[in-house]
Amino acid sequence: MTGLSRIARLALLLVVCAVRLADAQVLPSEPIALANGRVIVSGDLSAAYGSADPGFFNFTDYEHSTLRLFRVDLTAAVKAGPHFTLLGEIRTENLGKVRPYALYLRIRPWTTRDFDIQVGRVPPTFGAFARRTYANDNPLIGYPLAYQYLTTLRPDALPASADELLRKRSIGWLVRYSLGDPALDHGVPLVSAFRWDTGVQAHTTVGILSATAAVTTGTVSNPLFSDDNHGRQLAGRVELRPVAGMVLGTSLARGPFISQAAARAALGDAQDAEFMQTAWGGDAEYSRDHYLLRLETIVSRWQVPIAAAPPSQIALQTPLGAFSTSLEGRYKLRPDLYVAARYDHLGFSDETGAAGTLPWDAPVTRVEIAAGYSIQRNLLLKIAVQHNDRDGGVLQQVAHMFAAQLVFWF
Amino acid sequence: MTRAQRKEHRSQRVARPAVIFVSFVLSFVPLVSVAPKAGIVIAARPGSIRGRVEVRRPAAVVERRPGVADLGTPAGRDVPNLLRSVVYLESAPRGAFETSEGGHAVMDQRNETFVPHVLAITTGTTVDFPNSDKFYHNVFSLSKTRPFDLGRYATGASRPVRFDRAGIVRVFCDIHSHMNAYILVFNHPFFAMTDAEGRYRIENVPPGSYGVIAWNEGTSSEARPITVADGGVAELDFTLR
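Line order of the protein sequences matches chains A and B.
Residues 6 to 415 in the working numbering are what the first sequence spells out, letter by letter.
Residues 1006 to 1246 in the working numbering are what the second sequence spells out, letter by letter.
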């Protein structure tokens, strides 16, 4: 039995079991409270199965596609008095290794003031979507390209020239370069939604304004637990809620992206410069009656070490830029039925190689349309169709895909 | 409990409103009695049923899900009173609806809590759902009795829902998953909410024999038999475990 057919059977089994258990009202419908409410445990389970994705449009690493993913999240909050709460989350994908996704201490120094400090593996400061990646928060099955699509850029391996970078266009799911780590590995998205960063975060709300600042180990593209370049990322976010239902946000993050080992491989052991990722994001959300609209734009620039190009090849021009825009809408047709759609585009700055000037990775446009049916309040069935279009690269350039996803949460 | 027993138990719980309706149609408890003397018709005086409901193991308050992805501590909220119970006649006397008119009731949304947490109404009642918070709520129900979704609306706005079928309606907020409430819709007026001490009193019950049920947070007692005498007060206490 292949891995994929195992996932398909598992997904089907889950659908049947979940519907039967829901009908029998055996599944929990609320978070589990222990120790007089001091410990709260909740869970999210999602099982998605869809078309094959030979173009690797939906892959989050070499093995996992969001359209064929069984994910289990368990989250817990342990309250230790009015000032301290320990929060954590563990996650497994396709019944693989259980990984800690979040683990941090939330400190509220003054109980009467809306000010918190969070220390540990903290939620993303940057952007809007990164904090609502749970399947029941996402009206569609796919993720916005900025948060999921793997570019050909790696923090631990570097192309020796613009020509080498351009040859890799579209194969960010598994890419190898001549400098730095020689192993095949996946590139990074603009903003990672699948790993959280480690550091300290402060958040406050005053009236309609809320602000967050964080110092972390990695960057938005490459959140880390252990530092690889002795640099720290600074990130900030400001959110404005001028009227009920409207959220306007802007985020900024800047931190060293390239690992020290990769930089030394490109420039020699003596170098100690930092090669930064700088990202800016703007987002807006408006909801009213039965509809919800979200718009998010992200611009990112990565400085990369410029090694001496091999003969007859052209050196890299830095920084490398990328930008994404996604527009998402959801409309509830009935209490138990909604439709949703997302338009998404991911583009890249130009790079000039011996063969000409091209975006350094192949631009991608995606349109996804979905419907969600609530079997019960916390059991949701989604179906989606997705059209992907990639402008260039060596992989499949156009793909139409179908997927279904069952989501259960408590 | 076997699967068949569970199914039967569930179907009994689901079917209780239907039983109320069928009983309403079929039962015959005369609202007037004919005196044996000289053809004089004397109206029977209604009585009442009173007592106390003790909730031995109160339902736990639905906690907010751990906001692991939140950037800070969520705002405080009110905690609903889960000790309020509803006591009602299992079957209604004939003619119970001759004087019943659908009125208005209010279920507010305040500090991320539905107020009241439990509402008992008769069919034909319109419930208004005002939003008293500074942020959106989205009241909805997937109950078979009365599915509805009021969408998102701001502070000060209110939207109505009319309930025309008897049954139990669970109400939720689509934005705040810990917000929940119950609306019990009866097709007769013989029910009462308990007060803070668990006391209740069902008024204007025509003389006769009835089954009485106490309900709290989705748990129902068995129907307890009681006879209401002409103009009398019948006492009945419940313990819900």
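Check before you lean on any hint, since a few could be wrong.
Okay, the calculated bits of chain B under chain A, using three or more residues with CB under 8 angstroms as the criterion [unchecked claim]:
(1) 1202 to 1212
(2) 1221 to 1233
Listing some non-contacts, in silico: residues in chain A with all C-beta distances to chain B over 10 angstroms [claimed, not checked]:
(3) 45
(4) 80
(5) 203
(6) 206
(7) 239
(8) 283
(9) 355
(10) 360
For the chain A half of the interface with chain B, some residues (derived, Cβ under 7 angstroms), not all of them [what the hints assert, rightly or not]:
(11) 289
(12) 292
(13) 294
Note that these hints are calculated values from the structure, not bench results.
Nothing here was measured: the structure is a model prediction, and the numbers come from that model.
For glycine and all other residues, C-beta sits at the position ideal for the given N, C-alpha and C.
Violated hints - listed by number, lowest first: Going through the list in order, the structure violates hints 1, 2, 3, 4, 6 and 11 and respects the others.
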